[in-house]
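Chain by chain, the residues run as shown.
Number of protein chains: 2
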Amino acid sequence: MIQNDIVDSLHYLFHAQSIAIAGASENPNKTGHIIMKNLIEGGFKGDIYPINPRSSEILGWPCFSSIEAIPIDKIDSVIIVVPAKFVVDILEDAATKHVSCAVIISGGFREAGNEELEKDVVNTAKKYGIRFIGPNCQGVTYTPNSLCATWPLMKSRGSMAIISQSGTVGAAFAGWSEDDNLGLSSFISLGNKSDIDEIDLIQYFSQDNSTSVIGMYLEGVNDGRKFMNVGASIVNKKPIIALRPGRTKKGSIAAQSHTKSISGDYKIFDAACKQAGIIRADTVYELYDFCKILSLCKTPAGNRCLIITSSGGSGILATDVAEQNNVDILSLDSSTKNILQQSLPPHCIIGNPLDLTGDSNAERYYEAVKRVRTADYVNIILLIFGDPIPETAHYVKKMKKEISKEIVACYIGGGDIQGREILSLHELGIPTFPTPERTMKAIAALVQYRSFLQRNLIKMEEQD
Amino acid sequence: MIQNDIVDSLHYLFHAQSIAIAGASENPNKTGHIIMKNLIEGGFKGDIYPINPRSSEILGWPCFSSIEAIPIDKIDSVIIVVPAKFVVDILEDAATKHVSCAVIISGGFREAGNEELEKDVVNTAKKYGIRFIGPNCQGVTYTPNSLCATWPLMKSRGSMAIISQSGTVGAAFAGWSEDDNLGLSSFISLGNKSDIDEIDLIQYFSQDNSTSVIGMYLEGVNDGRKFMNVGASIVNKKPIIALRPGRTKKGSIAAQSHTKSISGDYKIFDAACKQAGIIRADTVYELYDFCKILSLCKTPAGNRCLIITSSGGSGILATDVAEQNNVDILSLDSSTKNILQQSLPPHCIIGNPLDLTGDSNAERYYEAVKRVRTADYVNIILLIFGDPIPETAHYVKKMKKEISKEIVACYIGGGDIQGREILSLHELGIPTFPTPERTMKAIAALVQYRSFLQRNLIKMEEQD
Chain P
0 MIQNDIVDSL
10 HYLFHAQSIA
20 IAGASENPNK
30 TGHIIMKNLI
40 EGGFKGDIYP
50 INPRSSEILG
60 WPCFSSIEAI
70 PIDKIDSVII
80 VVPAKFVVDI
90 LEDAATKHVS
100 CAVIISGGFR
110 EAGNEELEKD
120 VVNTAKKYGI
130 RFIGPNCQGV
140 TYTPNSLCAT
150 WPLMKSRGSM
160 AIISQSGTVG
170 AAFAGWSEDD
180 NLGLSSFISL
190 GNKSDIDEID
200 LIQYFSQDNS
210 TSVIGMYLEG
220 VNDGRKFMNV
230 GASIVNKKPI
240 IALRPGRTKK
250 GSIAAQSHTK
260 SISGDYKIFD
270 AACKQAGIIR
280 ADTVYELYDF
290 CKILSLCKTP
300 AGNRCLIITS
310 SGGSGILATD
320 VAEQNNVDIL
330 SLDSSTKNIL
340 QQSLPPHCII
350 GNPLDLTGDS
360 NAERYYEAVK
370 RVRTADYVNI
380 ILLIFGDPIP
390 ETAHYVKKMK
400 KEISKEIVAC
410 YIGGGDIQGR
420 EILSLHELGI
430 PTFPTPERTM
440 KAIAALVQYR
450 SFLQRNLIKM
460 EEQD
Chain S
0 MIQNDIVDSL
10 HYLFHAQSIA
20 IAGASENPNK
30 TGHIIMKNLI
40 EGGFKGDIYP
50 INPRSSEILG
60 WPCFSSIEAI
70 PIDKIDSVII
80 VVPAKFVVDI
90 LEDAATKHVS
100 CAVIISGGFR
110 EAGNEELEKD
120 VVNTAKKYGI
130 RFIGPNCQGV
140 TYTPNSLCAT
150 WPLMKSRGSM
160 AIISQSGTVG
170 AAFAGWSEDD
180 NLGLSSFISL
190 GNKSDIDEID
200 LIQYFSQDNS
210 TSVIGMYLEG
220 VNDGRKFMNV
230 GASIVNKKPI
240 IALRPGRTKK
250 GSIAAQSHTK
260 SISGDYKIFD
270 AACKQAGIIR
280 ADTVYELYDF
290 CKILSLCKTP
300 AGNRCLIITS
310 SGGSGILATD
320 VAEQNNVDIL
330 SLDSSTKNIL
340 QQSLPPHCII
350 GNPLDLTGDS
360 NAERYYEAVK
370 RVRTADYVNI
380 ILLIFGDPIP
390 ETAHYVKKMK
400 KEISKEIVAC
410 YIGGGDIQGR
420 EILSLHELGI
430 PTFPTPERTM
440 KAIAALVQYR
450 SFLQRNLIKM
460 EEQD
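These protein sequence lines are chains P and S, in that order. Reminder that position 260 of the first sequence reads as 259 in numbering that gives the first Met the number 0, one-by-one numbering, no gaps. Reminder that position 269 of the second sequence reads as 268 in numbering that gives the first Met the number 0, one-by-one numbering, no gaps.
Fair warning: there could be bad hints in the mix.
Heads up, incomplete: computed chain P residues facing chain S, CB under 7 Å, no partners named [as the list claims (entries may be wrong)]:
1) 165
2) 254
3) 314
4) 315
5) 322
6) 418
Straight-line distance between alpha carbons at most 25 Å, and here's what the computed DSS-like set of lysine-lysine pairs gives [unchecked claim]:
7) 248(S) - 249(P)
8) 126(S) - 36(S)
9) 336(P) - 248(S)
10) 96(S) - 248(P)
If you are wondering where the hints come from, they were derived from the structure by calculation, not from laboratory data. All residues carry an ideal CB built from backbone N, CA and C; glycine is no exception.
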């Protein structure tokens with residue numbers, strides 16, 4: 000199913016050892032400066048060739064008047080930040096050095112009414128066999144190669160890839176992943192996607208070992224049927240999460256005027272995602288949260304979740320969301336209840352949610368988890384820390400060694416202690432969220448992914 | 000409608016000039032220590048009387064063996080942190096100094112199966128005319144009097160009051176208000192609310208000049224009809240926002256086992272809120288966001304909202320939420336469109352959302368807002384800053400001087416600049432939210448409050 004030619008071209012981009020920046024600038028306010036600066040500060044190990052006829056050196060690198068003037072035979076990729084009308088020339092220049100892949104950050108094409116200019120770019124690239132991302136985009140980041148040709152600067156390595164038709168959604172996603180100390184494998188700003196599109200990119204990331212989950216913000220897809228088929232072939236290996244706005248009439252009109260996407264019918268997109276097993280996100284938080292939980296957790300054995308909480312209220316809020324999203328807040332059997340009763344202080348409320356109450360320390364969570372170790376019918380454990388509880392990560396580490404269930408955490412109302420503990424929990428690979436509702440929605444996405452996998456398994460068995 | 004006796008009693012608590020702490024402790028891990036420490040660090044100006052027969056001094060204040068032993072005639076209020084079985088004695092002791100109001104933090108009553116002990120407390124308090132909050136609660140904070148008898152420490156003064164049956168929800172709310180530099184007027188942890196309840200408290204805050212909005216987390220109400228009637232009498236003066244979990248069967252069961260509230264039917268509560276004009280929140284974020292926008296904005300003249308954004312994608316996401324929540328993303332008239340076209344760069348997308356595109360600086364927002372100044376049909380302006388845009392607060396300040404429309408902001412994908420700008424925007428009184436979806440949901444709550452006021456106005460006119 001995967002097309003090898005696009006994977007090869009994108010390989011030259013993501014794993015580039017030599018990058019030309021057409022439109023690099025000494026002026027710190029120009030995009031051509033910011034991109035080059037981020038490439039350097041991101042720690043790129045390969046060679047950088049700034050192209051600008053009016054400079055001899057930019058940010059410490061010798062500058063060239065054209066790509067052709069660079070004294071080597073092959074350049075892996077080129078980042079283009081020149082005004083729209085010069086982009087065709089740059090592509091022709093790039094062809095002299097056998098460039099396989101370009102990133103056209105420059106705007107001023109279809110989105111500004113210049114359809115013809117964009118067609119010229121497409122045709123020129125095709126003529127020379129150059130594949131490209133953009134135009135009118137915010138660049139490309141691929142952390143395994145310390146390649147940050149976007150703004151803002153993204154350095155933290157992680158396993159989530161985000162493909163976005165909105166630079167802001169991508170930047171917000173990257174910012175949250177940085178705050179969470181989780182990082183990204185890649186951020187691709189799609190722009191007008193007049194060549195490389197979401198289908199090409201999910202094919203690339205499906206075989207990229209540094210990426211465990213693919214998140215997408217899309218305002219439309221170029222080929223709905225192909226999107227569905229390619230998606231379906233990938234989700235068995237890696238989860239795909241998609242946020243596509245435009246579910247209302249005015250939202251859909253706004254989407255069309257933004258990226259001039261043929262946005263198509265929202266309901267059809269929705270149905271295609273379901274068919275393919277692509278998980279839908281409804282908000283930017285969900286896009287991030289779903290990627291986060293799916294990148295950190297294994298697929299659970301079922302949808303049954305035990306909530307262990309120091310905050311009764313938070314447990315109830317999580318239960319409501321679970322009930323409405325196909326996560327089963329199961330009843331504990333009487334022998335487990337008895338064991339819990341015996342090992343916990345008498346004022347704890349034994350049930351699901353299991354309320355350890357406000358005086359709970361982290362050790363009490365550990366004691367509780369130990370007692371449900373053998374309860375096979377519990378698939379997921381949600382730990383809600385609803386107070387400033389220290390040492391949560393220390394005890395969760397012990398839990399992880401002793402049980403095989405998936406552990407997810409919520410940390411809320413924890414003052415100063417909370418910030419440190421969340422980072423430590425993430426270091427352990429425990430996805431931790433700031434509210435009971437966001438946490439349970441994320442768990443629901445994990446459960447949904449499991450049901451997609453199960454359905455596909457049944458389909459495959461039927462086909463055998 | 001307002002009962003003056005309860006307002007008077009609560010006045011002694013919130014405006015206390017002398018507070019006894021029964022169960023104060025030298026041990027820094029004890030609640031009786033933390034509460035006293037927070038009272039001191041919160042800047043309380045009145046007299047503090049720690050009560051503990053085993054200490055002579057706690058945290059620099061002389062300690063007494065009993066309240067009776069304090070050498071003055073009247074103590075305004077007492078905070079009780081002793082074990083449950085001693086609470087009745089403390090109330091009798093408090094009566095010797097004409098205490099009007101107590102806060103019983105101690106747990107171990109109805110929630111732990113000790114119904115009789117709780118009844119004894121209620122009867123004793125009634126006998127001596129002492130009103131009380133709790134038992135089994137996390138205390139009371141009232142910042143206008145620098146009174147923080149809760150944990151965590153809450154110092155930032157603001158105009159939002161939060162009444163909560165969950166300590167964690169209250170603490171999270173307080174933490175967010177602190178991070179936002181907005182602060183609170185009050186946090187009341189209701190606990191078992193066996194005396195003072197939500198109805199008493201909304202009556203108090205309805206006449207409290209330091210409070211502009213009342214937020215509540217409730218797992219049940221003691222008297223549904225009274226709650227509705229009192230609520231209805233208050234919302235014309237101040238907005239009330241309520242989060243009540245238990246909309247699902249299992250959520251409702253969990254609520255009953257948490258605070259042993261007779262939670263009643265969720266649908267009935269929902270209907271009562273609609274009838275009274277109380278705004279419902281569905282999540283803890285909504286509870287906070289709705290209080291925030293309603294504390295900072297005036298009631299808009301209508302539901303028509305113009306979105307001005309640097310991020311096309313964020314504008315679409317906000318439009319979808321508006322469409323589904325009765326906020327009108329109106330079409331601009333052609334003369335306004337023409338003026339905008341002339342004053343903005345040609346690549347901006349003139350419409351609603353008005354897309355200033357990714358290269359926009361803060362001044363461009365100001366230019367745009369100036370051009371819609373006379374468009375009377377625009378009631379609310381949503382500014383989405385979807386990039387690291389500096390000086391937003393500077394230009395919003397200028398806007399505020401020139402237009403009378405309500406301004407609400409979203410700041411997303413703004414890296415380091417974002418954090419500083421959000422605080423500056425809050426200083427200006429502009430509510431600023433972190434995602435397009437949260438922002439538009441908050442605007443919808445503002446619009447809903449307006450429609451409640453309008454409906455009440457019509458009702459009053461009919462009654463005349």
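ask   = Against which earlier hints does the structure fall short, listed by number upward?
value = Checked against the structure, the hints that fail are numbers 6, 7, 8 and 10, while the rest are satisfied.
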